[in-house]
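Model the full assembly from the supplied sequences, consistent with the hints where possible.
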Amino acid sequence: MRWTRQSLTAFALVLAVATTAAGQAGREVFPFPVTTFELDNGLTVVGVDYDSPGIVAYYTVVRTGSRNEVEPGFSGYAHFFEHMMFRGTEKYPTEVYNAVVKRIGADSNAFTTTDWTTYYIVASSDALETIVDLESDRFRNLRYSEDDFRTEAGAILGEYNLNFSNPVALLRETLHDLAYTTHPYKHTTIGLLEDIREMPNHYDYSLQFYDRYYRPENCIVVVVGDFDQAELERLAREYYGGWERGGFEPEIPAEPPQTEARATRITWPNPTLPFLMMGYHAPAFSDERIDMPALDVLSQLLFSQTSPLFRQLYLEEQVVDALQGGALDSRDAPLFTIIARITDPARVDYVRDAVVAEIERLKTEPVDEAVLAATKSHMRYAFAMGLDNPGAIAQTLGHYLQLTRDPETVNRVYALYDAVSPEDIRMVANRYFADANRTEVVLTQEEAR
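One point on numbering: in this note's numbering, the residue at position 29 of the sequence shown is 15, and numbering is uninterrupted.
Quick caveat, the hints were computed from the structure, so don't treat them as lab data. Nothing false has been slipped in among the hints.
Taking CB as the label site, the calculated pair distances span:
(1) 89 / 232: 26 to 34 Å
(2) 405 / 22: 24 to 32 Å
(3) 374 / 432: 42 to 50 Å
(4) 355 / 270: 25 to 33 Å
(5) 417 / 302: 24 to 32 Å
All figures in this text were calculated on a predicted structure; none of them were measured in a lab. We treat Cβ as the ideally placed atom computed from N, Cα and C, and that holds for glycine.
Right under this line is the structure:
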């Protein structure tokens, strides 16, 4: 590995951060006390003791995302309910719900991913019972008319059009459609355009989706900050105890192994630099096997701002103005996705070949032990530094809970990160970065006619 003075300086900065974090190695990366209990109906409630006087974060994690959209023609419904859950109930119609949220000075919103949907409120801790009342009511008693449904479906079409004013949205949609043949990761979270256009005609299906997935056994409530654990348990039993358990289990089709490389080219009607996006099928999240953590570390070795590849393509040759890669923690096998925006349309192939060559190097050359140690320490340090407020802690723990339902997952997976060795890096580079496992999409500006 050739180090320039510039890269040595950058590496020294990483080592300085790593030295700060080194004392944390061997200790739990999630340092806050956690208490978990489960109601008879299957609802899990997780309380995290965190010193935030007067503030509490209340996250409701629904273990449903676009992964659950298995029926053809019905993509986008997990994201749709992120919108509809703010439509109100008989007890708290929309305007009343919003007025209460405003009165308690709350930050309230939601988000959807491939695997989970989350609703959150961050507010004064003395409003905890009000929050529990609001959230339990809409999860148990959501009501919306067919007209409300059609209105919101139209808003989602507008959101789709807004998202797809960015070429990266088309690039990602094309990559997933090409890389997957069977699994619902084939479509992105917002859904397919043809399904969104048809959505206003499927009011009855929306009620079925809500009935299937908005059930206590499919949800986890995470509360972080200034609250009394005994009071939280009392409130949970009072407000959620009558919520009826469901029983629906989706049959998620497994994606067969990819046996040959796939590639396509697409165009964009407006001015843009060319983009290259590549995807390799990667392992699902696990806090037991080393593969997924080793790939996360490998992504840092490949694409961090101190990596040889970034230095070559971005700093020295300036043939890209954006370069990143990695895989999301996912309940089923995701894509390890690499994206580059290329400054010269004639050098797309050059950039692809440079990325592939660096991956090939990692298949045979062992990673320097000092570089690997610094990378892992920096990852741990960056994670720990993000746990600095109730909302961030609730969202982070919710992420791991939606994967395994176990709050200890976060500590187990970071123990695996600490254990990643140079041989593990070589192993995952060879196992997952075969040419036959690669899908490639190139996006270029549409030629003028």
